Amino acid sequence: MPRQRVSLQPRRSGRRARAASENLTGYLFIFPSVLLISVFGIFPVFFTLYVSLHKWRIKRGRFIGLANYREMFGSPLYLLLVIAALACIALAVYLIGRARGKRGSLSAGSGVFLLVIGLAALALLLPYLARAGDKGMFTSLRVTVWYSLGTVPVQLALGLLLASFLYQKIPAKQVFRVIYLLPYIVPSVASAAVFERLFSLKPESFANQVLALFGRPPAQWLLEPKGIFFLLSGERMAVVSESVIADYWLSWAQGPSLALVSIMFFNWWVFVGYNALIYTNGLSNIPRQLYEAAEVDGAGKLAVFFKITLPMLSPTTYFLTLLGIIGTFKAFAHIYVLRHPAARGEVDPMSVQIFFTFFRKSRFGYAAALSLLLFAIVLVLTLVQRRIMKERVHYG
Amino acid sequence: MKRQILFITVGLLLAAALCWGSPNGEESALQEVDPTGVEITYWHQFTRFQQETLEALVEEFNNTNQWNIKVTPEFGGRYDDLYNKMVTAIAAGRVPDLVAAYQNEAAAYQASGALADINDYIDDPQWGLGDERSDYFEGFLQQDVNAQFGGARLGFPPNRSLELLFYNLDWLEQMGFSGPPKNWDEFYQMCRKATNPAENQYGYAINTGASNVFAQVISRGGEVAKADGSGYTYNTRQMRDSMAFMKRLYGEKFSRKIAEPYGEQNDFANWKVLFTMSSTAGLPYYDGSVAKGEQGPFDWSVAAVPHTTARPALDIYGASVSIPKSTPQRQLAAWLLVKYLTQPGPQAKWVEATNYFPVRKSTAAQLGDYLSKNPNYKIAYDLLLNSDAKAEPPFAGYSEVRDAVEAAFNKILDGADIDATLRDLDAEANKIHREAAP
Amino acid sequence: MVKERSPWLQAVLLLLLILGAFVSIIPFLFMVSHSLKTIAETITRSSAIPFDPKFWPRVPQWSNYRVAWQEARFGLYFRNSVIITAITVGGIVFTSSLSAYAFAKLRFVGRDLIFTILLSTLMIPQTVLLIPNFIIVAKLGWIDRLPALTVPFLASAFHIFLLRQFFSQIPNELIEVAKIDGATHLRSLISIVLPLSKAPIFTVVFLSFIYTWNLLQWPLVVTQTPRWRPITVGLSMFITEAGPETHLRMAGAVIAVLPVITVYFIAQRQFTEAITRSGLKE
Numbered sequence: 001m002p003r004q005r006v007s008l009q010p011r012r013s014g015r016r017a018r019a020a021s022e023n024l025t026g027y028l029f030i031f032p033s034v035l036l037i038s039v040f041g042i043f044p045v046f047f048t049l050y051v052s053l054h055k056w057r058i059k060r061g062r063f064i065g066l067a068n069y070r071e072m073f074g075s076p077l078y079l080l081l082v083i084a085a086l087a088c089i090a091l092a093v094y095l096i097g098r099a100r101g102k103r104g105s106l107s108a109g110s111g112v113f114l115l116v117i118g119l120a121a122l123a124l125l126l127p128y129l130a131r132a133g134d135k136g137m138f139t140s141l142r143v144t145v146w147y148s149l150g151t152v153p154v155q156l157a158l159g160l161l162l163a164s165f166l167y168q169k170i171p172a173k174q175v176f177r178v179i180y181l182l183p184y185i186v187p188s189v190a191s192a193a194v195f196e197r198l199f200s201l202k203p204e205s206f207a208n209q210v211l212a213l214f215g216r217p218p219a220q221w222l223l224e225p226k227g228i229f230f231l232l233s234g235e236r237m238a239v240v241s242e243s244v245i246a247d248y249w250l251s252w253a254q255g256p257s258l259a260l261v262s263i264m265f266f267n268w269w270v271f272v273g274y275n276a277l278i279y280t281n282g283l284s285n286i287p288r289q290l291y292e293a294a295e296v297d298g299a300g301k302l303a304v305f306f307k308i309t310l311p312m313l314s315p316t317t318y319f320l321t322l323l324g325i326i327g328t329f330k331a332f333a334h335i336y337v338l339r340h341p342a343a344r345g346e347v348d349p350m351s352v353q354i355f356f357t358f359f360r361k362s363r364f365g366y367a368a369a370l371s372l373l374l375f376a377i378v379l380v381l382t383l384v385q386r387r388i389m390k391e392r393v394h395y396g
Numbered sequence: 001m002k003r004q005i006l007f008i009t010v011g012l013l014l015a016a017a018l019c020w021g022s023p024n025g026e027e028s029a030l031q032e033v034d035p036t037g038v039e040i041t042y043w044h045q046f047t048r049f050q051q052e053t054l055e056a057l058v059e060e061f062n063n064t065n066q067w068n069i070k071v072t073p074e075f076g077g078r079y080d081d082l083y084n085k086m087v088t089a090i091a092a093g094r095v096p097d098l099v100a101a102y103q104n105e106a107a108a109y110q111a112s113g114a115l116a117d118i119n120d121y122i123d124d125p126q127w128g129l130g131d132e133r134s135d136y137f138e139g140f141l142q143q144d145v146n147a148q149f150g151g152a153r154l155g156f157p158p159n160r161s162l163e164l165l166f167y168n169l170d171w172l173e174q175m176g177f178s179g180p181p182k183n184w185d186e187f188y189q190m191c192r193k194a195t196n197p198a199e200n201q202y203g204y205a206i207n208t209g210a211s212n213v214f215a216q217v218i219s220r221g222g223e224v225a226k227a228d229g230s231g232y233t234y235n236t237r238q239m240r241d242s243m244a245f246m247k248r249l250y251g252e253k254f255s256r257k258i259a260e261p262y263g264e265q266n267d268f269a270n271w272k273v274l275f276t277m278s279s280t281a282g283l284p285y286y287d288g289s290v291a292k293g294e295q296g297p298f299d300w301s302v303a304a305v306p307h308t309t310a311r312p313a314l315d316i317y318g319a320s321v322s323i324p325k326s327t328p329q330r331q332l333a334a335w336l337l338v339k340y341l342t343q344p345g346p347q348a349k350w351v352e353a354t355n356y357f358p359v360r361k362s363t364a365a366q367l368g369d370y371l372s373k374n375p376n377y378k379i380a381y382d383l384l385l386n387s388d389a390k391a392e393p394p395f396a397g398y399s400e401v402r403d404a405v406e407a408a409f410n411k412i413l414d415g416a417d418i419d420a421t422l423r424d425l426d427a428e429a430n431k432i433h434r435e436a437a438p
Numbered sequence: 001m002v003k004e005r006s007p008w009l010q011a012v013l014l015l016l017l018i019l020g021a022f023v024s025i026i027p028f029l030f031m032v033s034h035s036l037k038t039i040a041e042t043i044t045r046s047s048a049i050p051f052d053p054k055f056w057p058r059v060p061q062w063s064n065y066r067v068a069w070q071e072a073r074f075g076l077y078f079r080n081s082v083i084i085t086a087i088t089v090g091g092i093v094f095t096s097s098l099s100a101y102a103f104a105k106l107r108f109v110g111r112d113l114i115f116t117i118l119l120s121t122l123m124i125p126q127t128v129l130l131i132p133n134f135i136i137v138a139k140l141g142w143i144d145r146l147p148a149l150t151v152p153f154l155a156s157a158f159h160i161f162l163l164r165q166f167f168s169q170i171p172n173e174l175i176e177v178a179k180i181d182g183a184t185h186l187r188s189l190i191s192i193v194l195p196l197s198k199a200p201i202f203t204v205v206f207l208s209f210i211y212t213w214n215l216l217q218w219p220l221v222v223t224q225t226p227r228w229r230p231i232t233v234g235l236s237m238f239i240t241e242a243g244p245e246t247h248l249r250m251a252g253a254v255i256a257v258l259p260v261i262t263v264y265f266i267a268q269r270q271f272t273e274a275i276t277r278s279g280l281k282e
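Protein chains in written order, with our numbering: chain E, 1 to 396; chain Y, 1 to 438; chain C, 1 to 282.
Chain E with its partners taken away, still in its complex shape (with noise of 0.2 Å):
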């Protein structure tokens, strides 16, 4: 607030006239970003959706209402049943969250009970969408959830291994340091087209010969479609089944493919060291004092971990764990470049396959439908990371 200063101007037009002058700079100074932002960010949005209910080969087609969709999805009944069983265990989680605290509450006892439902009827009816939609996508959905699966959590525990290690009293941490992040400044095209030969299938190349070293017979890699699981089963998992449900669900018990996985070594390469650093800081910024403490109290260095520093460090957590997701959503250009077509698809998280039914098929009306489902889903995701956010981050 500004403070009370002597004036000789007559208050009122005076504090209009500023008030107004304000008021016109900054309209003027947003202007430029406003303009740039509406037109390329937002408007889309609103545009795609248009898009999303035509028929849209290059050039416009005919208006096609939820065709599009209706394409997607295959069968609007099992959409709905499947939203239900999410709002069930949406409302699950609320009522158990709620509960937590009051103990023997009817919250709890009818939170646990809808979530049992919630669950069986969504491993129920998933199976059934899935095979009346579009196999593509599905397909697709359940990469992109390995895929991050996969990355996230593992880049998040490799930087804090990293960032710890570094932390101690070790010589040449700066040389460490640069290293480390090496592979994230450079451009991850050139990178991945040097991983494409680390994994080729060749049986000399690199990935080849690490496991020769092994003694294992050389595997396909970026070319491999089949689930890691079940090549680690020594090939015996069953992975068909008469039963549309348990056809769907062993879909899922394969695992990510070994394509899928080879990506994911390049994504561990990459970031590391990114979120090394990035931790770094927050390791920094726990105060000495309780440490100090615990050491008086005489506590075990599992225990200073897991009560003291994880804690602390739950703000750069959600932070790196926010970006690793929507990481996961907009990977492009090493997907573009490592993918190969003999993996069928099974590389291709959302952004990618929707990038080559846009592109390559050239069917934007489709695209844009799928990517209307891509937004709503990060939307979800988002919302429901800012509630647990709330929840578990501890401040200072």
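Bear in mind the hints are in silico, worked out from the structure with no lab data behind them.
Among these hints, one or two may not hold up.
Unchecked claim - Which stretches of chain Y does chain E cover? Using the computed rule of at least three CB atoms under 8 Å from a CB of chain E, they are:
| hint | segment |
| --- | --- |
| 1 | 106-113 |
| 2 | 396-407 |
| 3 | 410-421 |
Computed from a prediction, not measured in an experiment: that's the story for all the values here.
Backbone N, C-alpha and C fix where the C-beta goes; we use that ideal spot for every residue, glycine too.
For this one, chain E is given, so just place chains Y and C on it according to the hints.
Frame of chain E; chains Y and C shown alone:
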């Protein structure tokens, strides 16, 4: 009553307008068009020495054509990239004046109404092919006429190539064989004998692309689509046999998948693989690779893909060139470039540099002793004249179907059930066909 | 962390760190070694271990670089990337500092609402914007021209947010004093706020530089000819075309990577500081 009278009157007026406005069949529709001084762009798919040769030919056209037309050739990327570019170009309304396109790609462009009908040009009394028409291989010309668009001619062939078997003759002779395999059984035996895991050697480098699948199906007398354009037929006996054969070859490790595009060329040059299947346009590349191989040059050649049919049935590729719609002047200028490039003189130069096949019979005369000095090319050319050349489907949406075919082939090699996979493939291909139909 | 540590533990940690660093570097070693081999060598003579002489070329083929440079037209693509990035970074600094100043220091109707809306755009995945923006840019006639590569990126909610954080920490008194002296807000921004904000501005420059330089998806879609193609697209096309010619591919990759690495080694501290700063959340 009043409405009916109105309708009839309007109808009559329209008919009258149409009769008056339409050009007289005898006169040239293009008579008014003057291509003098026009500047056009040509998006092609050639690199390295192919590009150099093309640019030299275009340069000659620029310097010698009587209308002062100037052509700027641009490398637009390989086929997939070029296709993507063209799609964005159509969306943006900024198309080149001449573009390389496979028949199915042209069909996809035409679904947006983007191309000119070249029939208007070849049949034109003033600018058309006239008497020279009979000098062209009619079979080639026919490939660009598209049934999906009422017989419109969406492209024109500047050259053609064949899918053939490339083999290492020295290696075959070392193993005790006298020549290339004539049928699939012999092929199998030779692959088996050549495979030597200790030395990292194997019989055949599997190209899982759709063109290769096509080549195998026709070699057994089958087809992948119905000629009338009503759909695809990927669940036939010949398709099943092809897949089963490859699956066996792969399962027994007598063949391997190709790790990177054109990687089989390197393996071939270094005695790692005995057979590959490739386009004849690859002949100069193989020449180069073999020369740089670790073991130095060796005796190799090309042969027809092993077949069960009486005559060899071979996949004939044809990237044609299409003329996107723009102004009449630019379209005409583009056509004149096409006519020039298919004159026997330029064609001969093109052939010698790239080993593509000419599209006119008289070009052979211009080649002189080139054929005798280049035995591999001669073998390929003879095969062209003496085999049943079949082209892949020219339908819109075939690009997408090709991706599906490649995925299915890989799936089968990786162990999937052939019947189930082919059934799914057939369904998917036909679904794409319906969706992409103009 | 507790200060006392046994020397054994230190040694083990050091060993693990070295191993990890090794893993980080191997791909780069591979890139360099294969860029100097002949094509035949990349197939017949290769190894996984950098200590094995087969990992390295017999005779370094420096000519590979010349070939890759010419074929991939790296000169042109570099030039394009530099121009595109310079314009974009300049634009972002311009629009973001103006907007951040307004949001932090000025009062106008709807300020907070507009700010929240702008921030919410950060949630929108690029893929959702790809198709409509492409159609818009096509309609504007910008396909394969410079504006398509720059204009959509000249403003960024993220950088506005970053700068606003910092600007709001600058005491208002400084600006009030300037106002009494008759300075306009623009003058305040330029002569007072900006000079105090060297660090965050550098962060904005650095982050937007990296982002723009490494962008692949959008330029891939909106450029058709080499005219304005940036180096990422050029490299990815070259990789596809060079296909099995690993040695050329790797030479191309090295060329693309070298400038960035050089700048990085020179300005390490600024890099790490900028990255760290971008991670701070209020």
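> Do at least three Cβ atoms from the segment 106-113 of chain Y come closer than 8 Å to Cβ atoms of chain E?
Replying inline: This one holds; 4 residues, not fewer than the three required, reach chain E with a Cβ under 8 Å.
> Taking a Cβ-to-Cβ distance below 8 Å as contact, does the segment 396-407 of chain Y have at least three residues touching chain E?
Replying inline: The restraint on the segment 396-407 of chain Y holds, since 5 of its residues have a Cβ under 8 Å from chain E and three suffice.
> For the segment 410-421 of chain Y, do at least 3 residues have a Cβ located nearer than 8 Å to some Cβ of chain E?
Replying inline: Answer holds; 3 residues pass the 8 Å Cβ test.
Of the numbered hints stated above, none is contradicted by the structure.
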